[in-house]
Structures are given as C-alpha cells and as structure tokens.
Amino acid sequence: MKRSILYLLFLTSGFYSCQNSDDSVFEESADARLNAALASYEKQLVDAPYGWNAVMYPAGGGSYGFYFKFDNKNRVVMYSDFAAASASTAKESSYRLKAMQTPSLIFDTYSYLHVLSDPDDEVNGGVTGEGLLSDFEFAIYPDSIKADAITFVGRKNQSRLVLTKATQVQATAYTSGEVAKSVVFNNISKYLTYFKRVTIAGVTYEISVNQAERTIKLTWLEGTTVRTFTSGYYFGSGGLTFVKPFVNGSQTITGFTNITWNATTLQIGLTANGAATTVLNAARPLAVDVAAAKRWWNEPLESGGDWRTLDGFHVNGVDNAFGVDKLTADGKPYVVYIFQPGGPGFYDLLAPAFFADNSLSLVYANLVSSAFTADGRAVFTVARSSGNSIPTTGPFIDTQNLFAEPTGYYFVQTSASTYDMVSAKDARSWISWF
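Under the working numbering, think of the first position of the sequence shown as 1, with each following residue one higher.
Keep in mind the hints are simulated off the structure, nothing from the lab. Each residue gets a CB set at the ideal place from its N, CA and C atoms; glycine is no exception. Heads up, a few of these hints could be off.
[As the list claims (entries may be wrong)] For each label pair, taking beta carbons as the anchor points, the in silico distance ranges come out as:
1. 426 to 72: 52 to 62 Å
2. 168 to 274: 22 to 32 Å
3. 149 to 83: 45 to 55 Å
4. 34 to 357: 51 to 61 Å
5. 392 to 325: 16 to 26 Å
6. 278 to 217: 10 to 20 Å
7. 120 to 287: 33 to 43 Å
8. 94 to 36: 18 to 28 Å
9. 360 to 383: 19 to 29 Å
[Stated by the list, open to error] Below are the DSS-like pairs computed for lysine-lysine, each with C-alpha atoms no more than 30 Å apart in a straight line:
10. 190 to 43
11. 165 to 196
12. 73 to 43
13. 146 to 294
Sequences and hints are given; from them, build the entire structure.
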C-alpha cells in the first residue's frame, strides 16, 4: 500500500514538473500569442495601401470578384461583381478578427459577401435556405498567408476567399466605375438567338455562358473534330477573367477586356488577346450533336421518368413567353410542364401539370408524334388534344403550336440531367428541360 502511494506521488510530481517545463518553452501565454497573431493579420489587411482584389469561390460553385479596403477601426469598404449596382457602388460594413477554433476573419454586418449566402433564393438564385453555399466567416491558417496574398476558408461551407494585394490602378478601376462597365457582359442573356459566335485570331468559337454557375464554354472545330473549353469567370479590374486560361495552339486567352454593349444592335463588343471582336447571333449550332435529340427522347423511357420545364418557351428574348404559369384547371394551380415519351408506336404526352390533392394532376394534354432526322433534329407533330376543359386559346394552344413548328428542334445537352431544345428555324425560341 505504501509503495502504491509513493508511486502515485512520484507520477503526480512528474506531471507537474512536465507541465511547468512546457510553459517555460514560451515567453508569453497562449492567449497573448493568439492576440499577437490576430493583431498581425489585421495589420496586414489594413496596411495594403490600395486594398485587396478578391475572388470568392462558394461551395455551391461559381466565382465572384470583390474589392476590399480595410481600416483599423473594424470597417471595410467593398465592391462586388455580383451585379452592375454592386460593381459601381461602394458598401461599407464592419469586420473583426476573432479567436474561435482557429483565428478567424468575420464580416459581421450584412454586406455584398452576405448576398451570396442569403437564404432567400430570389436574392442570389441559389437554393432556398442555403443560398450559394457561401460564407462570411473565415478561418485563417498561417501557411495560407503570403506577403501579397491570403487565402481564407469558410467556417461553415468551406468556400474559399482569395485576396491579392491591389495596385493603385486596380483600385481606381473599382472606384471609377471601370469594373462596372465590364459587367455589361451579362447582357449576353439578351441576345435573341440561343447560339452565339465570336471570332478570335481567325478561329470561330461558339460561346455559351451560364450566368447562374458563372461558367463560359467555348466550342470550335479542328477540321471535323469538335473541341470544347469550359472555365469559371469573374469580373475585376482586368475585365472578365477566366478562372483557368484558355490555350489553343500558340494563343493563350486569360479573359476579355474593353467589354461594351450596343443596346441598338443587342451585341457585345470585347477585346481578346489585344484584338477587338464582336459576339454575333447564330441560327444553328457550330457543331450539331446529332445523337442528342434521340438521346433526350430515350432517357425517360430508360429511367421511367419524364422531362419538365417551369417556364415553357423562351421566345425572342422573353422568358416564359406564353405565360404558362397563368394556366389553371378547375381552380387547380399550375406547377410544371411535362413531356413524357410514350415509346415506339405510342403517342408522347405534352401537358401542363396542376397541383391537386397533394400531387400533380394532368387535366388535359397534347398527344404528340416524334420523329428524328439524320442531321440531329427532332420534329414533333401534335396528333390531338385529350382531357377535360381543354383550352382553345392562351398558353396551352401557343405552346402546342410552337412545339409543332415544322422545322423542328436541335438539342443541346447542358448537364447530365438537363437539355435545351432550340428552334432549328431561327434559334430564337427554346425550352430548357430538366
């Protein structure tokens, strides 16, 4: 028993001896060292004479350009390329550096950064309740801090915020409104045709822009071989910048500068690699995916599903051109438009679906025959309508008539589960199916 007590006393004295020895390694306490680190980080942010360029990469995808100018009173002035207004109008909010699980930079009042995280999908087009899965509280890791660049990691969604020290010219580009001028590139959504082309250094590219995901896709031909390039993009002092440079042979394109918008001709002008060019309308794809239409038609037959669209046709620059969301049936509200292939020898179904008894209800529909051409088009013929209280005018009839356009439609696969159906007549009408 005495031996056990002596042994325990020996271990206890050893523990305290080690603890005192560990403390002696540092001249300051852990709290003092942490506070010194936070002060150092704040000094680096504040001492950048012309502020910081920044790119935000939300976990939900996309890339967004920002500019920050921090002061030593916990205030930050910022610009954002999210919209023309935020690119031209400075917004001041507060920030603080705080010791949490790691040293952290927190933007603690609503700012342009918070727009990306806003849970209201109407604010940023993201997921209801989650926004774009972005952040406004960021962890700081010592190995991600350089003299002219700092990378922060979001504490909730692990999105990335990358700051690089701005030059005077870059800072002036924000404060003078030059960056806001580049944001007119977003007007590419106002083109009347689905297909758009731009010629750079003698090569013609089809250009596709997904503004929701902040991606640009270039498609071109090398002989008969189809090539594609896709990159994220953001706006900043250099105009529109690709997240990854585009390399084609001897030319490397990092983005577009001198971006202009002609409201009369509805055309974008830009400079690429020092040469001015214009984005032009095109009536057909540069390279037709001849298997896409049949692939689209077959997919629901194999999966047991159907294709859906919320807005129906986009026509001549107008989303939901026929107002399908105004359809009703016996007081039931419209939910979605459906296309259901019937399979070989059977009619396909084209119909608005309504909400009734906690489920989708088809009250009336078009019965459709589908044919596929060797050059990659689908041609639809409306055989007849079926159901109760079938409208004789309005969105249902307008959709039916355009669907049966004799020239038919090209199909563009935009993801593993989405297709765009584009008028082969003039590319000025299309439906996005999911």
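Right, here's what the structure says about each hint:
For residue 426 and residue 72, the hinted distance range of 52 to 62 Å is satisfied, since their beta carbons lie about 59 Å from each other. Between residue 168 and residue 274 the Cβ separation comes to about 23 Å, which falls inside the hinted range of 22 to 32 Å. The hinted window of 45 to 55 Å between residue 149 and residue 83 is violated, with their beta carbons roughly 26 Å apart. The hinted range of 51 to 61 Å is satisfied by residue 34 and residue 357, whose Cβ atoms lie roughly 60 Å apart.
Distance hint check: the CB atoms of residue 392 and residue 325 are about 20 Å apart, consistent with the given range 16 to 26 Å. Our hint of 10 to 20 Å for residue 278 and residue 217 holds, since their Cβ atoms are close to 19 Å apart. Remark: the range hint 33 to 43 Å for residue 120 to residue 287 is upheld by a beta-carbon distance near 39 Å. Remark: the range hint 18 to 28 Å for residue 94 to residue 36 is upheld by a beta-carbon distance near 22 Å.
Between residue 360 and residue 383 the C-beta distance comes to about 23 Å, which sits within the given range of 19 to 29 Å. Proximity of residue 190 to residue 43 is assessed by CA-CA distance (about 45 Å); at most 30 Å being required, the pair is judged violated. This hinted pair does not check out: residue 165 and residue 196 have alpha carbons roughly 36 Å apart, beyond 30 Å. Straight-line distance between C-alpha atoms of residue 73 and residue 43 comes to about 11 Å, which keeps the hinted pair within the 30 Å bound.
Of the supplied pair hints, the one linking residue 146 and residue 294 is violated, its CA atoms being roughly 53 Å apart against a limit of 30 Å.
The structure fails hints 3, 10, 11, 13 (numbered hints given earlier, in ascending order).
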